[in-house]
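Working from the sequences, and respecting the hints, build out all of it.
The listed protein sequences derive, respectively, from chains B, Y and W.
So the first sequence is numbered by my numbering: it starts at 1 and just counts up by one.
So the second sequence is numbered by my numbering: it starts at 1 and just counts up by one.
So the third sequence is numbered by my numbering: it starts at 1 and just counts up by one.
Derived from the structure by calculation, the hints contain no laboratory data.
Only a predicted model underlies this, so the values are computations on that prediction, with no experimental measurement involved.
Keep in mind that a hint or two might mislead.
[Stated by the list, open to error] Subject to a maximum C-alpha distance of 25 Å in a straight line, what follows is the list of computed SDA-like cross-link-like pairs (lysine to any residue):
1) B/Lys155 with B/Thr169
2) Y/Lys231 with Y/Gly202
3) Y/Lys333 with Y/Ser523
4) Y/Lys286 with B/Asp256
5) B/Lys155 with Y/Val678
6) B/Lys155 with Y/Glu99
7) B/Lys155 with Y/His683
8) Y/Lys83 with Y/Arg685
9) Y/Lys286 with Y/Lys333
10) Y/Lys286 with Y/Pro713
11) Y/Lys333 with Y/Pro713
12) Y/Lys83 with Y/Pro713
13) B/Lys155 with Y/Arg685
14) Y/Lys286 with B/His258
15) B/Lys155 with Y/Lys231
16) B/Lys155 with Y/Asn686
17) B/Lys155 with Y/Thr690
18) B/Lys155 with Y/Gln273
19) B/Lys155 with Y/Ile680
20) B/Lys155 with B/Glu37
[Stated by the list, open to error] Label pairs and their computed distance ranges (CB to CB):
21) Y/Gly466 with B/Asp257: 44 to 52 Å
22) Y/Gly743 with B/Asn283: 25 to 33 Å
23) W/Ala158 with B/Arg143: 56 to 64 Å
24) W/Gly85 with Y/Thr520: 25 to 33 Å
25) W/Val71 with Y/Gly570: 52 to 60 Å
26) B/Asp257 with Y/Ala67: 58 to 66 Å
27) B/Ala227 with W/Val71: 53 to 61 Å
28) B/Asp257 with Y/Thr178: 43 to 51 Å
29) B/Leu43 with Y/Glu203: 53 to 61 Å
30) W/Ala158 with B/Ala13: 51 to 59 Å
31) Y/Pro516 with B/Pro84: 53 to 61 Å
32) B/Glu228 with Y/Pro424: 54 to 62 Å
33) B/Thr46 with Y/Pro81: 18 to 26 Å
34) Y/Asp479 with W/Gly85: 23 to 31 Å
We treat Cβ as the ideally placed atom computed from N, Cα and C, and that holds for glycine.
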Amino acid sequence: MSATSVTVPRTLADALRMLADSPEAAVLAGGTDLMVEFNAGHLRATEVVVVNRIGELCSWQHNPDLGTLHIGAGVTYSEIEQSPIAGWVPALAQAARTVGSPQIRHAATIGGNVATCSPAGDGLPVLSALEAQVHLASASGERTLPFADFMIGPKRTALQPGELITGVTVPVFSGWQGYSKVGVRNAMVIAVASASLVVAPRDVRLALGSVGPVILRCEEAEALIAAEADFEARRVSAPVVERFAELARSAARPIDDHRSTAEYRRHAVGVLAGRLLRRAFPNE
Amino acid sequence: MTLTTVSTTARGRLGESVVRPDGVPKVQGSFAFSGDLSADGFLWGATLRSPHPYARLVSIDASAAWAIDGVECVITASDVPGKLNYGLITQDQPVFAREYVRFVGEAVAAVAADHPETCRRALAAIVVVYEELPALTDPERAIDSSSTPIHPNGNVLRHQRIVRGDQSIVGPVTVEGTYELGMQDQAFLGLEAALALPDPGGEGVELFIATQWLHEDRKQIAACLDLPEEKVRLTLGGVGGAFGAREDISLQVHCCLLALRTSRPVRMAYSRQESFLGHVHRHPGKIWMRHHADSGGRILRIEARFLLDGGAYASTSEAVLCNAITHTQGPYKCDNATVDGWVARTNNLPCGAMRGFGVVQACFAHEAQMDKLGAAIGLDPVEIRLLNAMKTGDHMITGQVVESVAPVARAIRETAALPLPDEPVGGHDGDPMRLPGGAGLTADRSHIRRGIGWGVSIKNLMYSEGFDDYSTARVRLADGVASVKFATSEVGQGFVTIAAQIARSVLGVDDVVLEPIDTTVGSAGSTSASRQTWMSGGAVDGACRLVRERLFERVAIAHDLDPLQLAIDGTDVVDTMGTLRVPVAEASAGVSIEETFEHHHRPTEDLDENGQGNCHTAFAFVAQRAVVDVDPELGLVKVVQVATAQDVGRALNPMSVVGQIEGGIAQGLGLAVMEEIVQIDGHVRNASFTDYLLPTFLDMPDVLISLIEEPDPMAPLGAKGVGEPPCIAATPAIVAAIRDAIGHDILRVPVRPGDICLR
Amino acid sequence: MSSELYRLHVNGVTREVRDAWVGESLLFVLRERLGLMGSKGACEQGECGSCSVLIDDELLCSCLVLAAGAVGQAIVTIEGVAPVGAPNDVQQAFVDCGAVQCGFCTPGLIMAAHALLERSSAPSEMEIREELSGNICRCTGYGRIIEAVQRVAVARRAVSEGDA
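Structure follows, in structure tokens:
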């Protein structure tokens with residue numbers, strides 16, 4: 001076995017320098033995805049840069065003036081699950097509570113979730129619905145991409161060699177927001193279908209997980225609500241809820257696999273969308 | 001290497017909830033499981049497995065693997081010195097594949113090297129050329145006589161009919177259905193692992209192994225290694241659960257052979273993925289049943305067809321089929337039956353023993369039928385079952401008289417008397433974690449419907465069809481300390497606790513030393529078939545009684561008494577007709593009394609061509625009632641409560657019995673709603689704990705338990721095995737509750753969300 | 001297969017690890033290089049909890065921790081929670097309540113229960129279930145384990161109320 005190294009940088013600058021020197025190095029954050037690959041012998045990186053102890057990445061900043069929350073890539077889902085982040089982005093906290101197990105949530109980071117970019121990634125529908133910005137950095141500079149441009153396929157992202165995800169920025173809305181996830185077990189389960197609904201000041205955003213190659217936004221469904229819902233009275237009619245669910249179903253592009261069928265996924269994501277909408281607009 | 005040896009001074013006797021003697025080492029992490037054992041200078045062993053469900057093995061070139069630094073040995077079929085095949089009943093599974101591979105995961109070669117990563121690289125360097133063949137994965141096609149045999153022994157592992165009574169009975173009421181079960185994995189947590197130590201000169205080998213049956217392993221290992229059995233010595237390494245999956249050979253021969261070839265200790269340890277491929281599973285099955293009943297609901301005749309998928313090799317498929325078809329009627333009276341049973345060989349994963357052993361499959365079908373029959377007659381699930389409940393003295397459809405205590409009606413009534421959940425859907429606190437979907441927040445209370453269902457079962461205890469699965473124990477009493485020796489595999493069930501309780505009760509001692517569990521004493525048979533409390537308990541009890549007789553003789557001679565009037569009272573020998581009272585410690589001071597006892601159950605018979613014969617030893621019964629909350633629109637289920645009354649004969653350790661019942665229900669729940677090995681064209685799609693889902697803390701309901709203690713006169717201690725029945729009844733009870741909640745039929749387990757909400 | 005020497009701080013002791021392969025998990029290093037066999041591996045994917053340890057007071061699956069990346073952190077394993085032969089209250093409750101059968105999941109569950117009870121002195125049943133939901137037990141059906149955790153919580157509260 002070849003000579004190898006594991007480095008644990010404590011500053012972002014150090015990490016970026018190491019990645020510039022070794023663009024092929026594996027970047028390890030919480031380890032909940034990468035270590036599975038190591039353990040199975042599927043990954044044989046010779047250099048690993050461990051990024052879970054970089055202070056700059058492990059913090060968050062709430063900016064009330066801008067109405068935004070910046071979450072460092074190294075913030076764990078166990079932190080996101082709790083106050084104060086849960087108060088600013090409740091849907092993200094709800095998604096966080098469904099991530100793996102307590103042990104996984106203590107390790108798994110939002111940056112890692114975004115980097116892996118599985119269509120079943122629990123936090124991703126919320127980031128999509130919130131229209132999060134993903135911040136990337138390398139030794140040669142920084143850039144920011146909308147989440148929709150960052151995720152380009154199942155487990156495929158716009159991340160370039162030598163680049164590191166440093167965080168995400170999401171808006172802090174006062175309206176209702178929520179997340180729902182279907183799994184076949186009541187804990188520690190990969191999503192078979194998931195959805196996040198966010199009520200922005202004048203519209204709603206619906207994002208679907210596990211029902212397509214990327215997280216899907218449902219623009220037709222969103223437009224329907226913008227036109228038909230009473231945002232003041234939080235009122236929407238039953239036929240509109242049904243139509244909304246149907247539009248979610250038709251937006252889905254699911255596949256059959258060992259976890260479920262395309263037919264069920266399509267059905268389930270419609271049910272989730274309808275129920276989320278009714279929670280957001282409880283009055284008929 | 002160090003093995004955990006346990007001794008206990010706890011004073012609990014039979015009937016008390018004595019704590020486990022290995023409990024403290026287990027909670028402290030110092031208990032040595034087989035994967036924890038090591039030895040100086042050891043090598044890691046690893047197995048190369050077939051990626052194809054069916055292929056001709058054209059060539060194997062291991063030269064590149066041999067060339068890797070750190071690789072000490074590569075072995076293939078041509079290195080096997082003795083028998084080339086193993087198997088529990090029929091020796092049809094190759095130690096390493098020769099001409100053909102017949103399932104994904106079949107062993108092709110093994111390596112020994114200095115590090116697990118070196119092993120992985122060595123396996124990757126072995127060049128195997130396969131010529132892929134069309135896989136036979138449909139058991140229905142396998143038993144069609146036109147299918148091409150995939151093994152010299154053919155594609156039918158067993159065909160057995162049961163024909164009893166009047167074959168012309170039809171109706172007046174008939175109900176029928178076809179039921180299916182997916183493939184369940186035992187999923188013990190302690191992965192397959194072993195340490196093999198070669199004797200100098202390669203004359204023999206010592207193996208520390210997690211297994212269910214040391215002596216049967218030894219027999220098969222010795223045959224494959226071409227060594228006399230006495231040159232193969234097995235010691236039980238700590239066993240992290242078994243549930244049937246350690247009854248067959250997995251890595252035993254490979255590990256010993258690598259050690260003999262390298263003259264170094266070899267450790268092997270399967271990964272979870274490898275474990276899924278490397279042991280047998282519960283048989284998937286398809287069962288058709290038609291019940292004929294009179295207009296009052298009494299069963300007149302049952303017709304049934306069973307088709308089980310045995311996978312690529314025989315394992316215990318023949319016996320599993322016998323169990324399945326002979327339990328067609330369930331715990332109900334039935335005098336006329338026509339049953340056609342098949343178990344097929346396919347290119348799917350091999351199947352064999354798992355907790356419930358064929359009866360799980362039968363019970364899922366007959367309990368669905370009982371509900372259908374009740375509905376057809378207008379009786380509720382309790383009424384239809386009470387009406388047909390079997391009693392001692394009734395007949396099985398094999399003609400065998402049920403001589404066991406058979407408190408079926410009592411079990412149903414006691415279960416029905418247990419309280420239903422007092423909480424509304426979602427609980428009083430409205431915690432969404434209580435709803436189906438849990439933290440996924442998929443449902444609100446208004447989306448949920450509650451259902452109640454029943455499962456009642458009969459399960460044979462011990463082995464069947466003429467097999468003498470005896471057990472041996474050796475007990476020595478010296479200076480007030482009893483030493484107990486047996487080869488009974490302690491897999492977690494708690495036989496070590498019971499053995500010490502027996503010794504204390506019979507011999508009046510406080511101190512019991514349990515000697516290492518190994519092959520230096522006679523066979524104990526397998527830790528399976530709910531048999532060890534009865535069989536090895538009987539052996540320990542028998543040996544203790546022989547020792548006690550000799551102790552009484554000594555005391556009688558010393559005090560000029562008739563030994564027959566002596567008894568044990570607490571820790572004393574007492575004269576029941578007089579005043580003598582001598583502490584056992586004093587009576588046994590300076591002596592060593594040792595006796596060995598073999599316990600045999602009564603003989604059983606083979607089934608004849610009509611499936612008639614006294615093939616089983618004894619039976620145990622259980623009733624369960626499940627309450628579930630279902631989200632009909634999403635198809636998600638939360639099991640809220642399981643209530644059960646179980647026929648245990650006598651609860652020798654009530655805490656252990658409760659643990660067996662709760663654990664069994666968890667496995668039955670798993671089969672009901674989540675557990676299935678998914679294979680597509682013979683390829684396994686979910687060989688990991690990420691995708692093979694086991695019940696978690698948030699999936700298990702509250703369990704209410706009533707123990708029915710009617711000691712069985714046939715059982716040495718009055719106690720019946722308690723491990724399998726709870727696992728059998730839970731699946732049909734939960735599925736019946738789901739049907740009750742949603743109002744339509746469910747024919748297959750595990751129940752997938754789409755089975756509930758898409759139709 | 002060497003990397004440079006690194007040091008881990010385990011159960012209050014600094015331990016050297018030499019000649020390790022880069023991909024080795026903390027679980028592997030604890031067991032195979034440091035001889036701490038109490039942490040168990042049953043899934044290699046963080047899906048069973050048998051390998052749970054505390055790292056800087058957080059409950060983590062050691063199979064998902066890169067050993068060489070855990071330098072400078074305080075690691076506590078099952079061997080570090082109580083001396084051999086002197087089980088702590090959580091361990092004793094598991095024994096007394098019948099929460100142990102095969103025992104393979106037990107060290108991980110002890111660590112998880114310990115972490116829960118350090119944080120919450122009166123956990124509800126649902127809280128216990130959720131906090132321990134990352135630990136799979138195949139033998140017990142969990143009932144006795146919940147009872148054991150509840151028993152410890154009650155006993156600790158009784159002690160602290162007695163102190164007050």
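Now the hints, each set against the structure:
1. For the hint pairing B/Lys155 with B/Thr169, the CA-to-CA distance comes to about 21 Å; that is within 25 Å, so the pair holds.
2. About 10 Å separates the Cα atoms of Y/Lys231 and Y/Gly202, which keeps this hinted pair within 25 Å; it holds.
3. A hinted pair counts as satisfied when its Cα atoms are at most 25 Å apart, and Y/Lys333 with Y/Ser523 does not qualify at roughly 37 Å.
4. Proposed proximity of Y/Lys286 and B/Asp256 is supported: the alpha carbons are some 24 Å apart, at most 25 Å.
5. The straight-line distance between the Cα atoms of B/Lys155 and Y/Val678 is roughly 23 Å, inside the 25 Å bound, and the hint therefore holds.
6. For the hint linking B/Lys155 to Y/Glu99, the alpha-carbon distance of about 40 Å lies beyond 25 Å, and the restraint is violated.
7. Of the pairs offered as hints, the one joining B/Lys155 and Y/His683 holds, with about 23 Å between alpha carbons and a cut-off of 25 Å not exceeded.
8. Of the supplied pair hints, the one linking Y/Lys83 and Y/Arg685 is violated, its CA atoms being roughly 33 Å apart against a limit of 25 Å.
9. Among the hinted pairs, Y/Lys286 with Y/Lys333 is consistent with the structure: their alpha-carbon atoms are about 23 Å apart, no more than 25 Å.
10. At most 25 Å may separate the alpha-carbon atoms for a hinted pair to count; Y/Lys286 and Y/Pro713 exceed this at roughly 37 Å.
11. Between Y/Lys333 and Y/Pro713, the direct Cα distance comes to roughly 22 Å. Compliance with the 25 Å bound is thereby established for this hinted pair.
12. For the hint linking Y/Lys83 to Y/Pro713, the alpha-carbon distance of about 43 Å lies beyond 25 Å, and the restraint is violated.
13. For the hint pairing B/Lys155 with Y/Arg685, the CA-to-CA distance comes to about 19 Å; that is within 25 Å, so the pair holds.
14. At roughly 21 Å between alpha-carbon atoms, Y/Lys286 and B/His258 fall within 25 Å of each other, so this suggested pair holds.
15. Between B/Lys155 and Y/Lys231, the direct Cα distance comes to roughly 54 Å. Violation of the 25 Å bound is thereby established for this hinted pair.
16. Proximity of B/Lys155 to Y/Asn686 is assessed by CA-CA distance (about 19 Å); at most 25 Å being required, the pair is judged to hold.
17. Restraint check for B/Lys155 and Y/Thr690: the C-alpha separation of about 17 Å stays at or below 25 Å, so the hint holds.
18. Proximity of B/Lys155 to Y/Gln273 is assessed by CA-CA distance (about 22 Å); at most 25 Å being required, the pair is judged to hold.
19. Under the criterion of a C-alpha separation no larger than 25 Å, the hint pairing B/Lys155 with Y/Ile680 is consistent with the structure, at around 24 Å.
20. A C-alpha spacing of about 14 Å is found between B/Lys155 and B/Glu37, which places the hinted pair at or below 25 Å, so the restraint holds.
21. Checked against the given bound of 44 to 52 Å, the beta carbons of Y/Gly466 and B/Asp257, roughly 46 Å apart, stay inside it.
22. In this structure, Y/Gly743 and B/Asn283 meet the distance hint of 25 to 33 Å, their C-beta atoms being roughly 30 Å apart.
23. With their beta carbons about 59 Å apart, W/Ala158 and B/Arg143 fall inside the hinted range of 56 to 64 Å.
24. The given range of 25 to 33 Å is respected by W/Gly85 and Y/Thr520, whose C-beta atoms sit roughly 28 Å from each other.
25. For W/Val71 paired with Y/Gly570, a C-beta distance near 59 Å keeps the hint of 52 to 60 Å intact.
26. Under the hint 58 to 66 Å, the C-beta atoms of B/Asp257 and Y/Ala67, about 39 Å apart, miss the expected range.
27. The supplied range of 53 to 61 Å is met by B/Ala227 and W/Val71, whose beta-carbon atoms lie about 57 Å from each other.
28. Checked against the hint of 43 to 51 Å, the C-beta distance between B/Asp257 and Y/Thr178 comes to roughly 27 Å, which is inconsistent with it.
29. Here the CB-CB span from B/Leu43 to Y/Glu203 is close to 43 Å, at odds with the stated 53 to 61 Å.
30. For W/Ala158 and B/Ala13, the hinted distance range of 51 to 59 Å is satisfied, since their beta carbons lie about 53 Å from each other.
31. For Y/Pro516 paired with B/Pro84, a C-beta distance near 57 Å keeps the hint of 53 to 61 Å intact.
32. For B/Glu228 paired with Y/Pro424, a C-beta distance near 34 Å fails the hint of 54 to 62 Å.
33. At about 41 Å, the CB distance of B/Thr46 to Y/Pro81 disagrees with the hint of 18 to 26 Å.
34. For Y/Asp479 and W/Gly85, the Cβ-Cβ distance of about 24 Å falls inside the hinted range of 23 to 31 Å, so the restraint holds.
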